[in-house]
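Protein chains in written order, with my numbering: chain X, 2 to 235; chain G, 72 to 348; chain V, 1310 to 1709; chain S, 1415 to 1784; chain C, 69 to 517.
Simulated from the structure, these hints should not be mistaken for lab results. In this text, all values refer to a predicted model and were calculated from it rather than measured experimentally. Treat the hints with caution; some may be incorrect.
[Unchecked claim] In silico contact screen, one side only, chain S against chain X (beta carbon under 8 Å); selected entries: (1) Q1653; (2) K1656; (3) R1662; (4) A1663; (5) V1673; (6) I1676.
[As the list claims (entries may be wrong)] Calculated cross-link-like contacts (lysine-lysine; reagent style DSSO-like; alpha-carbon spacing at most 27 Å): (7) G:K284 x X:K196; (8) C:K94 x G:K197; (9) X:K196 x G:K197.
[Stated by the list, open to error] Quick look at which bits of chain S chain V covers, simulated, 3 or more residues with Cβ under 8 Å: (10) 1443-1451; (11) 1736-1742.
We put the CB at the ideal spot given by N, CA and C, even for glycine.
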Amino acid sequence: MAMLDVTDLDAGYGDLQILHGVDLEVAEDEYVVIVGPNGAGKSTAMKSVFGLTTYMGGTVEFKGGDITGRSPDEIIHEGIGYVPQNDNVFPSLTVRENLEMGAYILDEVPEAALESVFDQFPVLRERQDQKAGSMSGGQQQMVAMGRALMLDPDLLLLDEPSAGLAPDLVDEMFDHVNAINASGTAVLVVEQNAKEALRRCDRGYVLVQGSNRYEDAGEVLLNDDEVRQQFLGG
Amino acid sequence: MSDTTAEPTGSLTSESPDRPTDDVELAVDGLVKRFGGITAVDGATFEVESGSMTGLIGPNGAGKSTTFNCITGIHEPDAGTVTFQGEDITGIRPYQCAEYGLVRTFQIAREMANMTVLENLMLPAKRQRGEALWRSVLPVTRREVVREERELLERVWDSLEFFEIQHLAEEKAGTLSGGQRKLLELARALMTDPEMLLLDEPFAGVNPTLEKKLLEHVHDLREEGYTFLIVEHDMDLIMENCERVIVMHQGSVLAEGAPGAITSNERVIEAYLGGEV
Amino acid sequence: IGDEGAVEGGGPAVLNIIGYPESGIQIFRDFYADFDTGTEIIVPDGLQDGDLPDEVGNDMTNVTGTAPASQGPHEDAFAELYEDEYGESPGVFTSHTFDAVAVCTLANVAAGENDGQTIRDQMRRVANPGGDEYGPGELQEAAEAAAAGDEITYQGASSAVDFDDVGDPAEAAYDVWGFSDGDIETVDTITFEGDGPGGEMADESPGGTGRDVMVAMLLPETGDLGELGTPMIDAGRLAIQRMEGVDLTFDLQVEDTETDEDTTLSNGGALIDAGYPAIVGAASSGNSVPLVGETSSAGVVQCSPASTALSLSNVEDDGYFFRTAPSDLLQGQVMAEVSANRLEADQVATLYVNNDYGQQLSEQYVESFENDQDGEALNEVSFEPGQGTYTGELESALAE
Amino acid sequence: MSTVDEAVDRGRSLSSEQLLLLVVGIGAVALLGDLILGLASGTYSISRVARYVTEGILYGLIIGLAGIGLSMTYSILNFANFAHGDYVTTGAFFGWGVTYLVAGWGVASVGPLVLVAPQREVSGAQLDVAITATPIAVLAGLLVAGVATALFVLLIDRFAFKPVRGSGGIPLLITSVGVAFALRYVLVFVYSSSTRGTTASVPSVDFLLVDGYVSIGAHDATLIVAAVTLMLGVHFLLQRTKLGKAMRAMSDNRDLALVTGIPTERVIRWTWMIGGGLAGTAGYLMVLWTGTIDWQFGWLLLLLIFAAVILGGIGSIYGAIFGGLVIGVGMHMSMIWLPGGDFTTITAFLLMILVLLIRPSGLFGGKTTA
Amino acid sequence: MSANTTANATDERTQLEALWERDAVKIFVAFAAIYLVYAAIGLALGYSLDGIVNTLRRMTYLIAVYGMVTLALNLHWGYTGLFNIGVAGFMAIGLYVTMMLAKPVDPTGAAQYPGLGLPMPIAIAGGVVAAGLAGLVVAIPALRLRADYFAITTIAFAEIVRLGLTSGMAQQFSVLGAELGTGGGRGLTRNYGDPMNVIFELEAFSSFVDLTNALFGFGPTQARALVYSIVLVLVLIGFYWLIQRTSRSPFGRVLKAIREDEEAAQSLGKNTNRFKIKVFVLGCALMGLAGILWRVRRTGVTPTAFRPHVTFYIWIALIIGGAGSNTGSVLGSGLFVAVLFEGPRYVRRLIEEVITVGDAPNTFAGAVAPLLSANPAPFLRYTFDEFLTLQFVLMGVALVLLMHRRPDGLLGHREETAAAIPLTDRPAAETGAGPRPGGTDSDHGGDSQ
Ligand SMILES: Nc1ncnc2c1ncn2[C@@H]1O[C@H](COP(=O)(O)OP(=O)(O)OP(=O)(O)O)[C@@H](O)[C@H]1O
Ligand SMILES: Nc1ncnc2c1ncn2[C@@H]1O[C@H](COP(=O)(O)OP(=O)(O)OP(=O)(O)O)[C@@H](O)[C@H]1O
Ligand SMILES: CC(C)C[C@H](N)C(=O)O
Ligand SMILES: [Mg+2]
Ligand SMILES: [Mg+2]
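The whole structure should be built from the sequences, with the hints applied where relevant.
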């Protein structure tokens, strides 16, 4: 039984339908990647899981419960963390405060979680009192990731976490994701760094024009000629 | 206003012998930018050759975007000079910079959300006569303006086709996806008829297939004589496409040279590439 | 005059506060809180409001007032009518309003049609000397006579109601009053003879019965002058009531000015469009002045019962503007005289509301005090209505 | 034209800002010098200047108190709320209704009392309303002014602002103009448009200052105590709870706050309640202090509150307090050189514009502390 | 308008015209409705013919003036995103300067304060220039502020203007030896020639007077007022034309870009400050002109006429019509004036005409108490008595509801294209395919091969 089970989801913005019957599954401990052309609806799919789009049909189930149409702060209680693609830090809060916000729903800031985030991203420890808005693009990405990890979610949704990261950090980021995944958190990632992502994941989806186009193990997709040609740049 | 006086434009020749000395399109010398306690750019010095494609890389927070901002007048540098085509352009206004033919794109796309893609692309063209209020209003001159607009629209459609976004022509730019916005951003920059483009991570978030095609376009443009300075984290991309690479680290230039040389430079490996390449 | 506790020593012995009750409450509160060191205060008509002592929380015995008096031949008759009808004694400008409505209506009756120009020409014919005299109690008879085309002379409650050649009342009287036990008490009345009646008028009145007689009142029910306006409107209604019984239907329309220029103009415009040939209003001079433009250009008679600003005497009006309240030219003199003689001051200051009324009255007062009474005016300070505090203004006004 | 936009452009550059700062500095020093010389030579009366300052501080406290609320809603909900001034008035009416009711129980009928004597049926002086004579009535009124306004503001939010919450600052601002209009005239409808006096006179202490007295009345003191207490209270509330941080997070990025699990609606409610409550108490205190109430005093205060908040920098409660004091004292001090009341408000606005010229985001701008 | 299609150019023109005509039809219908309703109300109230015509004339006058200001504001806000809430201040400057320039040098009679005695056209031009200059003065420091600070600065400026005009210091002063004055709180009285005399002295005008006299029983003053309203309508059309041209041009495109993202526009080589200043000054000058036309023929003016609520009225009109649409601005002004501004007054009259309302309780408590015993009459009477108060409540509620239901206003959703030519079709149609490939077979994302 999948932990996250999206079935035949239709969603969009206002009157504009973007997703047409999208199916996604993420099993416990699984590492799943969504790739696809720009505008395919990848971000929209993620947002829909988190209740941020206009719902038009289908279901989203998490751990067997229906979470379709629930509000984000309820969903976060269920154990899903989400890092949006853009604008994913609070610019006028310090780095530390950003991380603390990640644990807002708890009564107290979990020091251990905070430490482990700092360990994963040492630069954040160094800059913990700097306004997040004045950090570089890549640093902000780290802040955002760190914030989502504060609650130690069961499922982490990452929208293009490697965009804008320096190569060493890209690798590190992928390592982090693997590590997070290895520690028992299921991950659903949208990536344009598709080859690397597919190499590392358990399973991948290719989304095109708001619908599923391919779905298979990462390696399989990676070696599929058609997929390579059309979506992975050859 | 810079603290240091600009070097006379004639004596731009740099001391290091292996740098290209003639045909320098853009020269940055001793650039410094501080934000409160942080020195984001700390004496960055480099040159970009005309008609070249140069990569600007460096770890996150190295000061690449800030350097761009200082060059294009978004920020005023605290020290140092920026020279474009032999003219000192330190501290000029962003619009003047574009008038010089030096145009940048933003790391995070800045589309005019409520304007259609067409309007977005009609906007940048330089020296539009209709931008003078009276010309657009007076009936006699209006005719000229209309003619100009028609010509411009033609160019815009060419550009749309070039970037394969014709089908989005009448969409509001705000409804485009992240990648589409990047395309629009690039297309828009090109509509200014620039001589040099500063691209801040133009391909981040762009699907690889599209990226490949875009790069082909970039190469075509370079053939036509445009100069490119590209910030990018994708090392493969930099390796394959740039003839020179500048590596920034903690606000200053750590190394520069041909891609091959850079990737084997230990300091670069340590600071940026993470020892894997 | 008593300066016990006034360490500053100097400063004016009398402060003339010219304003309206709404801001007056605040001004007096600030005065009594911080500046009450024996200065006498004199106020004009605008602050004649019996509620003031209660609202201010002080018995205000150091305040002396002046106001256009009801000194007409039939003052008492009117007061009686008013008290019978509303159970309280008539306030300031009520008799002037009664007279204004009476004259406008009689002129209309005499004119025989609802036409502004004709009514304008009948105004003096029904008000100024010549013909039988009628008072407030005999309005019905007056209307009958006017309808019959007779020349009549309305003798009012506020004055004899004779218009001079610019449409001002030809004579004026002023009450000198004070607060006592929360009531207004008149202590003296001063009468002035003006230039005497004058001006053009029609030679005959068509008159006639069995028709609609339209007249409108445009007075403040709310705003700065809301407190004074409401009894005025009541008094105006009374005038029409007294004419019931004649073979005429009276159409009296009442609109609010909100003591606001825009509202006055809008509502005034609507009244003009609706065909009212004569408008009684407005109260505040600041509202009456702009309204004159509307009325005179539309050929509608405007008769203000309360606007006392000097500028209204020679405003460009084609003869359409009249008033039953006297110009402040005289009130300034009265106030100066009271200050100098009754209050024995040789140094005074003014604190005036910054509008037509306040500015001109302050000027007149100062001029008269310096020229006629040989005194000295120390400060002239203006204020804007509706402020949170007036300590700064008071401070400046009371400075040496 | 080109010289003109050069001028605008130059406004950006540091040196011209410094130049401006210099000019302003010279101006300030000149005024201060003149003031000191004038005081020393007796041209300016010492006690008079002291009265201006005290008066200014009291006025400033009210502006600052109301300003905190405006600043909070401004930064968290991201719009300039033009109805805030009318919240101030509303609070005053709510509170004074209760004060009248308590003080006048049995003296007059309930209707006029609750409506603060719309036709001047009774007056505060007749009921002997004062912190010294009827402390319970005043404190009850103060409490109700805060609490009832907080709840009332929530109600308004529910019906007016919530439906447009997602659509950005300007639609909200325009909505608030609508709310302001409607609310102000509903107040007229319910409470009438007449001005009335609300308090009896209270004892005061006179301080002799060389050439005259400065007197501090019991209501002045009440105002100081209440305002300072409330300011400290808000300070601790925001420092000690995560509410403060959540508010800032929300003012940065509402969507992100939402996905971070911050209960945004609850934070918004708290923001409104604190902002509205402070506005209401500020209104009540203003009436206690001036002794009169009318339907538009809050509205007339609004632009001054804006000036204070902007001068201090949006989002900073200390900025709002400081801005309030600067505006209050500045307005009164201006009368030393420009006698009479003609220029006090002008001075307030000029002060604000001057500060914006030198520091385009206000004095405390950027350093959000709430 | 003609509709023959031959060459490409005429093709476009007819298209433009067709578009314009659709707007025109909308406006026409709305205004016809307004006028008919008011004529009907006039009839119901028993107005005479000239009363009805006069009512409509007044309406026209107000709509024209509000329309002008709203159009100017649309230029600021709708097109450029400049949140100007100091409109009243610029109107005041235009009018006051004009009056001070036009008033005779030697004041006589009630004309308390002297002026410069300049001829009317020069005085008006002076007023317009002064309003524009005031715009410049505000623009230079204020345009670098963020939008909401800018807004507060403009309203502060407007208040400074109003309070400055009111202050005793400005009452009378001398500039270079010439005596001038604003009259302080007392304001200024008009004692110069009617600016419309140019027209009134025309031969044709006297026959117009005769005509209106014959038709509606108008006197000469009423005929003059009628002509004035007509002139204002013409000016309004001029405003419309000017702003339409301005917005549909490369100039307008830059304005729109500024509204969207100013820094990005700068990076594309647009000197945005210059555009902002130009457009702000232009808009302010137009507001000044509207202010002049609003009151220049009135007896006088006091500073209270320019309190902030005037600005908010204009904003309401703009929002009703829809920011960004010029047609909407005109329509919005019409509806604002007819429904919100003048409407309640007439409704009240109508009610009074039909039923006798009777005495209302004088307090809210008195009105509410009987409700408890299920007697709504006193409450209704009270409500009726407070009709004009409720008018403002209505305005406020209307604004709130508009923002809820139609935040784009009535016509604002139809964004006008910021280009001198329609962008709907690709020019020089070359490929057989239409400009927009069908949705299904198009390459979504433009990246698949
Ligand atoms: N807020 C929105 N309102 C309306 N349309 C939107 C909105 N956000 C996205 N869209 C549209 O939805 C479609 C899918 O967008 P989405 O952001 O999900 O794409 P994506 O797959 O994440 O692309 P990318 O890789 O470029 O980020 C696009 O066509 C886009 O124009
Ligand atoms: N406005 C600002 N205020 C304060 N610090 C800033 C500001 N802008 C940038 N910085 C700091 O300057 C440094 C350089 O930032 P910059 O954005 O130039 O990095 P970058 O090289 O572009 O990084 P990336 O590749 O991650 O985008 C960073 O440490 C950042 O925190
Ligand atoms: C009602 C009165 C107080 C009006 C005052 N006399 C004025 O002219 O404004
Ligand atoms: Mg995406
Ligand atoms: Mg960067």
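**Study point:** 27 Å Cα cutoff - pair K284 of chain G, K196 of chain X
**Key:** 17 Å, holds
Practice item. Mind taking a look at whether chain V covers the segment 1443-1451 of chain S? Criterion is 3 or more residues with CB to CB distance under 8 Å. Key: That given contact is violated, which follows from only 0 residues of the segment 1443-1451 of chain S lying within Cβ reach (below 8 Å) of chain V.
Exercise for review: Please verify that hint: I1676 of chain S, Cβ, nearest Cβ of chain X, below 8 Å or not.
Suggested key: Hint holds; I1676 of chain S Cβ to chain X Cβ min 5 Å, cut 8 Å.
Exercise for review: Answer holds if the nearest beta-carbon of chain X is closer than 8 Å to that of A1663 of chain S; otherwise answer violated.
Suggested key: 5 Å, holds
**Study point:** chain X contact restraint for V1673 of chain S - C-beta distance below 8 Å
**Key:** 5 Å, holds
Review point. Count the residues of the segment 1736-1742 of chain S with a beta-carbon closer than 8 Å to any beta-carbon of chain V: does the count reach three?
Key: It is violated, with 0 qualifying residues against the three required.
Point to revise | chain X contact restraint for R1662 of chain S - C-beta distance below 8 Å | key: Constraint on R1662 of chain S satisfied, holds at 6 Å.
Check your understanding: Holds or violated: are the alpha carbons of K94 of chain C and K197 of chain G at most 27 Å from each other?
Key -> 38 Å, violated
**Study point:** Minimum beta-carbon distance criterion (8 Å), Q1653 of chain S to chain X
**Key:** It is violated, given that the least Cβ distance between Q1653 of chain S and chain X is near 13 Å, above 8 Å.
Exercise for review: Take a quick look at whether K196 of chain X and K197 of chain G sit within 27 Å of each other, Cα to Cα.
Suggested key: With Cα atoms ~40 Å apart, K196 of chain X and K197 of chain G exceed 27 Å; violated.
Check your understanding: Given K1656 of chain S was flagged as interface, is its beta-carbon under 8 Å from a beta-carbon of chain X?
Key -> Holds - the Cβ of K1656 of chain S comes within 8 Å of chain X, reaching about 7 Å at its closest.
Checked against the numbered hints above, the structure breaks hints 1, 8, 9, 10, 11 and satisfies the rest.
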